[in-house]
Amino acid sequence: MSRSIAPKLVEKIKLEFDDVILDISRFQEQTTVCLKAEHTRQVCEFLKNEKDLDFNLLLDLAGAHYPDRERDFEVIYNYYSLTHKHFLRLKAQIKGDPPRVATISDLWKAADWLEREAYDMYGIIFEGHPNLKRLFLDDSWIGFPLRKDYPLEGRD
Amino acid sequence: MCPAKVMPEKRRVKIHMGPQHPSTHGVLHLVLTLHGERISKVECEVGFLHRGMEKIAENLQYQQFLPYPERLDYLSGLVHPMALCLTVEKMMDIEVPKRAAYIRVILAELSRIASHLLWLATHALDIGAMTVFMYAFREREAILNIFEMVTGGRMTFNYFRFGGCKQDVPAGFVERVNQFIYDFPSRMQDYETLLTNNRIWLLRTRDIGHLSAEDAINYGVTGSTLRGSGVDYDVRKEFPYSCYEEFDVEVPLSDRCDTYGRYLVRLEEMRQSLRIIKQACQNLPEGDIIADDPRVKLPKKEEAFNNMETMIRYCCSVMEGFSPPAGETYMSVEAPKGELGYYLVSDGSPKPYRLKIRVPSLLNLAPLDLMSRGHLIADIVAIIGTLDIVLGDVDK
Chain S
43 MSRSIAPKLV EKIKLEFDDV ILDISRFQEQ TTVCLKAEHT RQVCEFLKNE
93 KDLDFNLLLD LAGAHYPDRE RDFEVIYNYY SLTHKHFLRL KAQIKGDPPR
143 VATISDLWKA ADWLEREAYD MYGIIFEGHP NLKRLFLDDS WIGFPLRKDY
193 PLEGRD
Chain D
70 MCPAKVMPEK RRVKIHMGPQ HPSTHGVLHL VLTLHGERIS KVECEVGFLH
120 RGMEKIAENL QYQQFLPYPE RLDYLSGLVH PMALCLTVEK MMDIEVPKRA
170 AYIRVILAEL SRIASHLLWL ATHALDIGAM TVFMYAFRER EAILNIFEMV
220 TGGRMTFNYF RFGGCKQDVP AGFVERVNQF IYDFPSRMQD YETLLTNNRI
270 WLLRTRDIGH LSAEDAINYG VTGSTLRGSG VDYDVRKEFP YSCYEEFDVE
320 VPLSDRCDTY GRYLVRLEEM RQSLRIIKQA CQNLPEGDII ADDPRVKLPK
370 KEEAFNNMET MIRYCCSVME GFSPPAGETY MSVEAPKGEL GYYLVSDGSP
420 KPYRLKIRVP SLLNLAPLDL MSRGHLIADI VAIIGTLDIV LGDVDK
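Chains as they are written, first to last, in the working numbering: chain S, 43 to 198; chain D, 70 to 465.
Any given hint could turn out to be false.
Unchecked claim - Looking from chain D toward chain S, a few residues come up when the C-beta cut is under 8 Å (computed): (1) Gly121; (2) Met122; (3) Lys425.
Claimed, not checked - Here are the computed lysine-lysine pairs in the DSS-like style, where the Cα-Cα straight-line distance is at most 27 Å: (4) D/Lys124 with S/Lys175; (5) D/Lys420 with S/Lys137; (6) S/Lys190 with S/Lys175; (7) D/Lys420 with D/Lys366; (8) D/Lys235 with D/Lys369; (9) S/Lys190 with D/Lys124; (10) D/Lys110 with S/Lys175; (11) S/Lys90 with S/Lys137; (12) D/Lys159 with S/Lys190; (13) D/Lys159 with S/Lys50; (14) D/Lys235 with S/Lys50.
These aren't lab readings, by the way, just hints derived from the structure by calculation.
On a predicted model such as this, the values are computed, not experimentally measured, just so you know.
For glycine and all other residues, C-beta sits at the position ideal for the given N, C-alpha and C.
Can you make the complete structure from the sequences, with help from the hints?
Written as structure tokens, this is what we have:
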């Protein structure tokens, strides 16, 4: 009835990926796992394939830009399991220019267009994506609008 | 489904459908690769209606952003601003008074019926049944008149506020809604008579646009499209919000996984929405219309004009807005098109740091290629119709 997950399952994820997880936090009832972006693929495969977790529904994939941090880009995955009815948020924190993270579009087809949107808006390159083109903006557009250094009025 | 002799790649024809096309329900550009009249691939190009909602949200205070969500899915009326209100209320731990919650439910369910009526009208019109279009829009007029009575608007409303509603419903609202509840079931019977067992309708919708449950879940499809594939996922039941747990409602499902199954699901959803509205109207409690929380409730004008401190508070409330605590949350509602979610990151300032809108139509549109392969061009119109997308929603 709420977007939560049993603490022992979070422990399980923590045990499996202790060296790559940066932080596990809880705000209200929702749990967020922050990890280094280089290991996103393994963690996502674990979340999908592990029987107790079975996160089959990728609700949302979002990008974010935190220019004050060293790992300045972030990809946020919101997962829900239809079988076990639990919810988890995964945040992959990326550093580098251009920011790169592995694709998960072969695991969840929903990620196909959502990763294209994150690329379009933030310039995050999803390695292994079959068709990483812009989704909303024109193919000839230069710049990534949702980055914090891109002005609201746009550039010429 | 595919012809016995497959045409070689070089003899396949690519044609454009859209972005200006009466049956794409908006500015959607499709490139269809055909062999003969059979579709072998569909490439979607979206973004013609992209307005940069998320960028705008990062630059406006929360209450300044309130009129924007209803422009996303402009046919679902009040459900989108309700989602934004619920997200921010959750972030700030504001409890909405029961009367306001019930009014939100009534208006949201009326929006759902209005949206499904428009879906039925345009879906039937695209397939050729023009009479249904005329009938459905007659009912939609009744709903839009109710909206106009309460909010002043027919398509965009600016009626919900954080913590409740802008003002109470006018006298005569419950009677008007009851009149609608009384009239609607017989009208629904008219649509069923025209379509449900109609031979042409069955030929055009049965086994068209097959989407299995596993594919639907994998593509992130939600809403009636997912329930038409037999998956029982309805946000109103999974994560009840705004007093939905107090209403007795069934979630219609269909195992057919095709266009006809989704048609049956949406028809039944309209009936279930009517049930919810009936229960809400019967039990509409008295009370406040907005939470008594100084962060969201503006003081009364008389007090503000007569008392200096109240005047200052009024001005500060409007000019500076409120600041939710730093943190992040994901909150979703069951919009008529599917799951509408808001992922909000707040840094403690009056403007959102990141507001990602999880729009249902974008992911509902994604399996179009999978569903269309092997079908005729005429079927693509039926498949787009059954997905029930709104381009304002897809493109944000």
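Hint validity - D/Gly121 Cβ closer than 8 Å to any chain S Cβ: 7 Å, holds
Given hint S/Lys175 paired with D/Lys110 - CA-CA distance at most 27 Å: 18 Å, holds
Hinted pair S/Lys90 and S/Lys137, Cα distance within 27 Å: The given pair, whose Cα atoms are some 25 Å apart, holds under the 27 Å limit.
Restraint check for D/Lys235 with D/Lys369, where alpha carbons must lie at most 27 Å apart: Given pair D/Lys235, D/Lys369 holds - Cα atoms ~12 Å apart, limit 27 Å.
Status of the hint placing D/Lys425 at chain S (closest C-beta pair under 8 Å): 4 Å, holds
Agreement of D/Lys159 and S/Lys50 with the hint, judged by alpha carbon distance not exceeding 27 Å: 25 Å, holds
Given hint S/Lys175 paired with D/Lys124 - CA-CA distance at most 27 Å: 20 Å, holds
Hint consistency between D/Lys235 and S/Lys50 [alpha-carbon to alpha-carbon, up to 27 Å]: 44 Å, violated
Satisfaction of hint between S/Lys175 and S/Lys190, Cα-Cα up to 27 Å: Holds: S/Lys190 and S/Lys175 sit about 21 Å apart, inside 27 Å.
S/Lys190 paired with D/Lys124 [C-alpha distance capped at 27 Å]: 9 Å, holds
Given pair status - D/Lys366, D/Lys420, alpha carbons within 27 Å: Holds. D/Lys420 to D/Lys366 sits at ~18 Å (cutoff 27 Å).
Agreement of D/Lys420 and S/Lys137 with the hint, judged by alpha carbon distance not exceeding 27 Å: Holds, at roughly 26 Å.
Violated hints, listed in ascending order, are 2 and 14; each of the other numbered hints is respected by the structure.
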